[in-house]
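Q: Chain residues, written in single-letter form:
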Amino acid sequence: MASYEIEIILNRQLADCLSIPVFITDIIGNLIFYNEAAEEILGKRFEDTGEMPVEQWSTDFKPLDEEGLPLPPGELPLVKTLSDALPHHKTFQIESMQQKNQHISVTSYPIIGRTGKMLGAVAIFWKSKKE
Amino acid sequence: MKINLWGVRGSIPTSGPETAYYGGNTSCIDVWEDGWLLILDGGSGIQKLIINPDLKTKRIDILLTHLHLDHIQGLGFFKALFDPKMEVHIWGPASTTRTLHARLSRYLSPPLFPVLIRDLPCKLTLHDIENSIFNIGPFTIQSAYVIHPGPTVGFRVTGAHSVLAYIPDHEPALGKSAIISDSKWLSGFDLAVGADLLLHDAQYTSKEYQHKMGWGHSSIEDAGRFASIAAVKQVLFWHHDPYRSDAQVNEMLAAFKKDTNYQYTCQPAKEGMQIVLK
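Each protein sequence line maps, in turn, to chains A and B. Numbering-wise (my numbering), the first sequence opens with residue 345 and increments by one. Numbering-wise (my numbering), the second sequence opens with residue 936 and increments by one.
A hint or two may mislead.
Only pairs whose alpha carbons sit at most 25 Å apart, straight line, appear in this in silico SDA-like list of lysine to any residue [stated by the list, open to error]:
hint, chain 1, residue 1, chain 2, residue 2
1, A, Lys406, A, Ile371
2, B, Lys1111, A, Arg389
3, B, Lys991, B, Lys1014
4, B, Lys1058, B, Asp989
5, B, Lys1147, B, Ala1189
6, B, Lys1111, A, Cys361
7, B, Lys1142, A, Asp360
8, B, Lys1020, B, His1062
9, A, Lys388, A, Ile376
10, A, Lys461, B, Ser1118
11, A, Lys434, A, Tyr453
12, A, Lys461, B, Lys991
13, B, Lys1147, A, Lys388
14, B, Lys1119, A, Leu413
Covered by chain A, according to a simulated footprint, are these stretches of chain B (three or more residues, beta-carbon under 8 Å) [as the list claims (entries may be wrong)]:
hint, stretch
15, 1074–1084
16, 1102–1111
In short, the hints are calculated from the structure, not lab data. As the structure is a computational prediction, the values presented were derived from the model and not from experiment. Glycine is no exception: its CB is placed at the ideal position from the N, C-alpha and C atoms.
So that you can see chain A by itself, here it is in the shape it has in the complex (with noise of 0.2 Å):
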């Protein structure tokens, strides 16, 4: 398989530095690398795992309403940007697992690179104030 762009290999190293947690997907939605942070909202490991598909990552990240239904993923701020290219935000909960609801805030945006080109997106997550 041919290498990533840059833009996702310089994304995956920033992510990699950092403490919050961070999902980088393909432009399908696959998630090519979650930094050590994430890990605990997986309850996985990257070295385990490696990249997972999308049908196999999303059944182990259950987002629910405020009501602790579950939420349809076209609400997701990261399905909204692999849909429309834009950065998304959203609060709302999901089972952590220990089976305890937790509210958390999530920023998602688009990796255009230099090409104009979408290549993927990114999506930070952290835990919200209403907690």
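Position chain B against the provided structure of chain A, taking the given hints into account.
A: Okay, now just chain B, sitting in the frame of chain A:
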């Protein structure tokens, strides 16, 4: 494919006996095959470039990896640009905001240079390139953005029988993880993979690199590792630090060879060197 090295120094030309062996001119090479000529980068070395009378056409193609001064400063002194009979094509990385013409004009215009691009007598065509594949005579050329400040590409030049990879300014180890051995995550890998000859940035020792991270260059150790992952056959270490004497370049190579056992052959690039790839 025949390759002549006209300048191998990084950052700024040097002069004096302490750098005379490896040479003080900045990046420029020419590549010949079947009577066609490519010039890669227009550093100060281009001033000395002699155009072989075997050139089949009146066309010359200059491929610029980026527009840092040490890669373009010789352009204004390249005689073919002032020859109305010559057709010169300059290829350089596209930026998101300004054309290659606009960016080159910053240098090739007063007060930095007395002659404007539009006044050059040759038949000049400029080409903005990105992650591109194009053909020039017998060559197929792949350009791809690589990690270096500002829009910067490396080149993979494929001739009839051999492949040259040219990545003179490159920092594939930028980041906490340094060089990631998974080739998918390695800047420049597609350009270099399996090449017969790789010319690659090796400006620093690993100790120096710790203080120069983000400047866009590689340690010789990182360059060596990159070459190994890309499984190239031969490496010339490029972009010698302007402060490094010939003796220090030799010491650097000796230390590198002592600590590593890679399969490829390697040596520091030397101005005036000619390599024939068969």
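Q: Please go over all the hints and tell whether each is borne out by the structure.
A: Verification of the hints:
| no. | hint | result |
| --- | --- | --- |
| 1 | A:Lys406 to A:Ile371 | holds (21 Å) |
| 2 | B:Lys1111 to A:Arg389 | holds (18 Å) |
| 3 | B:Lys991 to B:Lys1014 | holds (18 Å) |
| 4 | B:Lys1058 to B:Asp989 | holds (20 Å) |
| 5 | B:Lys1147 to B:Ala1189 | holds (22 Å) |
| 6 | B:Lys1111 to A:Cys361 | holds (6 Å) |
| 7 | B:Lys1142 to A:Asp360 | holds (22 Å) |
| 8 | B:Lys1020 to B:His1062 | holds (20 Å) |
| 9 | A:Lys388 to A:Ile376 | holds (14 Å) |
| 10 | A:Lys461 to B:Ser1118 | holds (22 Å) |
| 11 | A:Lys434 to A:Tyr453 | holds (12 Å) |
| 12 | A:Lys461 to B:Lys991 | violated (38 Å) |
| 13 | B:Lys1147 to A:Lys388 | violated (35 Å) |
| 14 | B:Lys1119 to A:Leu413 | violated (38 Å) |
| 15 | 1074–1084 | holds (count 3) |
| 16 | 1102–1111 | holds (count 3) |
Hint compliance for this structure: hints 12, 13, 14 are broken, all remaining hints hold.
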